[in-house]
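Colleague: Each chain is listed here by its residues.
There are 2 protein chains.
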Amino acid sequence: MQNTTQLFQNGTGAIVVPGLFDGTLTIKELMENGNTGIGSGDGLDGELIIIDNKPYKIDGDGIVSIVNDDFTVPFGNAHFADYEDVSVTPNLNSKDMSDVIFKHKPFENTQFSIKLHGQFSHVTVRSVYKQTKPYPNLIQTAENEHVFEGDNVTGTIIGYYNPSPFSQIAVKGFHMHFIADDLSIGGHLSKFSGFNGHFGIQLFNDFKLRLPVQNNDFLNHNFSKDDIEGSINKTER
Amino acid sequence: MQNTTQLFQNGTGAIVVPGLFDGTLTIKELMENGNTGIGSGDGLDGELIIIDNKPYKIDGDGIVSIVNDDFTVPFGNAHFADYEDVSVTPNLNSKDMSDVIFKHKPFENTQFSIKLHGQFSHVTVRSVYKQTKPYPNLIQTAENEHVFEGDNVTGTIIGYYNPSPFSQIAVKGFHMHFIADDLSIGGHLSKFSGFNGHFGIQLFNDFKLRLPVQNNDFLNHNFSKDDIEGSINKTER
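The listed protein sequences derive, respectively, from chains A and B.
If you count by our numbering, then the first sequence holds residues 528 to 764, one letter each, in order.
If you count by our numbering, then the second sequence holds residues 528 to 764, one letter each, in order.
These are computed hints drawn from the structure, not numbers from a lab.
Among the clues, some could well be false.
[What the hints assert, rightly or not] Quick list of in silico lysine-lysine cross-link-like pairs, DSSO-like style, CA-CA up to 30 Å: (1) A:K581 x A:K622; (2) A:K632 x B:K752; (3) B:K632 x B:K622; (4) B:K632 x A:K752; (5) B:K555 x A:K735; (6) B:K622 x A:K761; (7) B:K735 x A:K581; (8) B:K630 x B:K555; (9) B:K752 x A:K752; (10) B:K735 x A:K699; (11) B:K761 x A:K735; (12) A:K642 x A:K632; (13) A:K630 x B:K735; (14) A:K718 x B:K752; (15) A:K735 x B:K752.
[As the list claims (entries may be wrong)] Estimated spans, in silico, between C-beta atoms of each pair: (16) A:K718 x B:H725: 51 to 61 Å; (17) A:N671 x B:Y656: 51 to 61 Å; (18) A:S625 x B:D609: 41 to 51 Å.
Cβ coordinates follow ideal geometry from the N, Cα and C atoms, glycine included.
The task is simple: from the sequences and hints, build the whole structure.
Modeller: Take a look at the structure:
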């Protein structure tokens, strides 16, 4: 039976900050833990979004493809979708989103997912290019990302919210990816405006984290000098 | 089949810091996730150590008892024991322990458990009294703990190591509880010296964390002013 109260994650925010971008879990293994999710590929290869068991990748040029089973991820979240519909204000903007959520649900200290599907008057998304070894760090990689703008687009946001104690494990606050229904645009979501459609929330009891304990670069890295939270806040908002 | 590569945890370090001491999981439920572990009881009722499926509590006076199935825990770790024996220097002291471990195993960035069983020339342990509502915070509770000293005692240490990104989720570094074979002394381990015996290490791939999302005190607490890492470091060493 599908466990709809668990959030699964491969890797941590701390791991990608210094450029430990090796894919350490296949997308097939990730999706054994969920039909819905987000992540990135080996070498920080684009932005992933998994919807209804389909794993889409948006590459650095904004090109969308479905990845193969053996595609690997350094960082990824997955869960089995069971969203509760919540009513939000018409023409919702991303800057008002958290206030709207927390007025309805006292979930500030919990982990939950959101799924938005509908019409957006505007979205700003971005994506990164796959890196090769020796890998640059996360901030250096993000400096070369591409930004894409979309007007009057119908699509889906999958996002996760993590409270403050997870600031080095995951992304503190909201971490959201987007893809258009017609696959014309997608990526890491920077902001949106004018949303009308379905807004779902799914609360988790359990968080299952997989660490890449067979990866020598991970085992041997000295994390003590990395600005983990600062780098994540700078690149993942 | 028992999963011996997963560490289970109920609650977080962040939750107990401001005094959210409600037991949120029964010891029976905790032990469905492991036959080995450590924790504390409802109201921060003593120090728990689970060995070979037996859950011992050491109360504030140092009295040892086995707790009932319905005893609840605000914070607890459990896993199914499958330790690998490692050879350590004779007459090991706690201050040398981490150097000895990390010389043998590159586990600084991972989560693992240790189990020591044998003769100790000295142990210093401590335990806290069960608190009642309104609960004091963790530091206030620790100010009234009792310290116990033991010479030439045979017993068991169960401990967990967490790397730095887990500093608000768990206890960064080593978190160890002790109990004597004859149940004459036990508690949260402050230090030991002159250990000779078996030293086991068990590495985890997966960390499964349960958050008390049905507990209103947890949902409604504002954690932003709590010195989470400072309080844990001060009380859990």
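Colleague: Hint by hint, say whether it matches the structure.
Modeller: Outcome of the hint check:
1. For the hint pairing K581 of chain A with K622 of chain A, the CA-to-CA distance comes to about 29 Å; that is within 30 Å, so the pair holds.
2. Taken as a hint, the K632 of chain A and K752 of chain B pair is honoured in the structure, with Cα atoms around 21 Å apart against an allowance of 30 Å.
3. Note on K632 of chain B and K622 of chain B: the hinted pairing holds, with a Cα-Cα distance of about 17 Å set against a maximum of 30 Å.
4. Restraint check: the Cα-Cα separation between K632 of chain B and K752 of chain A comes to about 21 Å, which is no more than 30 Å; the hinted pair holds.
5. For the hint linking K555 of chain B to K735 of chain A, the alpha-carbon distance of about 20 Å falls within 30 Å, and the restraint holds.
6. Only pairs whose Cα atoms come within 30 Å are accepted, and K622 of chain B paired with K761 of chain A is rejected, the gap being roughly 38 Å.
7. A distance of roughly 26 Å separates the Cα atoms of K735 of chain B and K581 of chain A; the hinted pair therefore holds under the 30 Å criterion.
8. Among the hinted pairs, K630 of chain B with K555 of chain B is inconsistent with the structure: their alpha-carbon atoms are about 37 Å apart, more than 30 Å.
9. As the CA atoms of K752 of chain B and K752 of chain A are separated by approximately 26 Å, the hinted pair is consistent with the 30 Å bound.
10. Our distance criterion of 30 Å between C-alpha atoms is met by K735 of chain B and K699 of chain A, whose separation comes to about 19 Å.
11. With a C-alpha separation of about 28 Å, the suggested pair K761 of chain B and K735 of chain A falls inside the 30 Å cut-off, and the hint holds.
12. Taking the CA atoms of K642 of chain A and K632 of chain A, the gap is about 15 Å. The hint holds against a cut of 30 Å.
13. The suggested pairing of K630 of chain A with K735 of chain B holds, with an alpha-carbon distance near 29 Å, which does not exceed 30 Å.
14. For the proposed pair K718 of chain A and K752 of chain B, the alpha carbon gap of about 29 Å is at most 30 Å, so the pair holds.
15. At most 30 Å may separate the alpha-carbon atoms for a hinted pair to count; K735 of chain A and K752 of chain B meet this at roughly 27 Å.
16. Separated by about 57 Å at the C-beta atoms, K718 of chain A and H725 of chain B satisfy the suggested range of 51 to 61 Å.
17. For the pair N671 of chain A and Y656 of chain B, the supplied restraint of 51 to 61 Å holds, since their beta-carbon distance comes to about 57 Å.
18. Evaluation of the 41 to 51 Å hint for S625 of chain A and D609 of chain B yields a pass: the beta carbon distance comes to about 43 Å.
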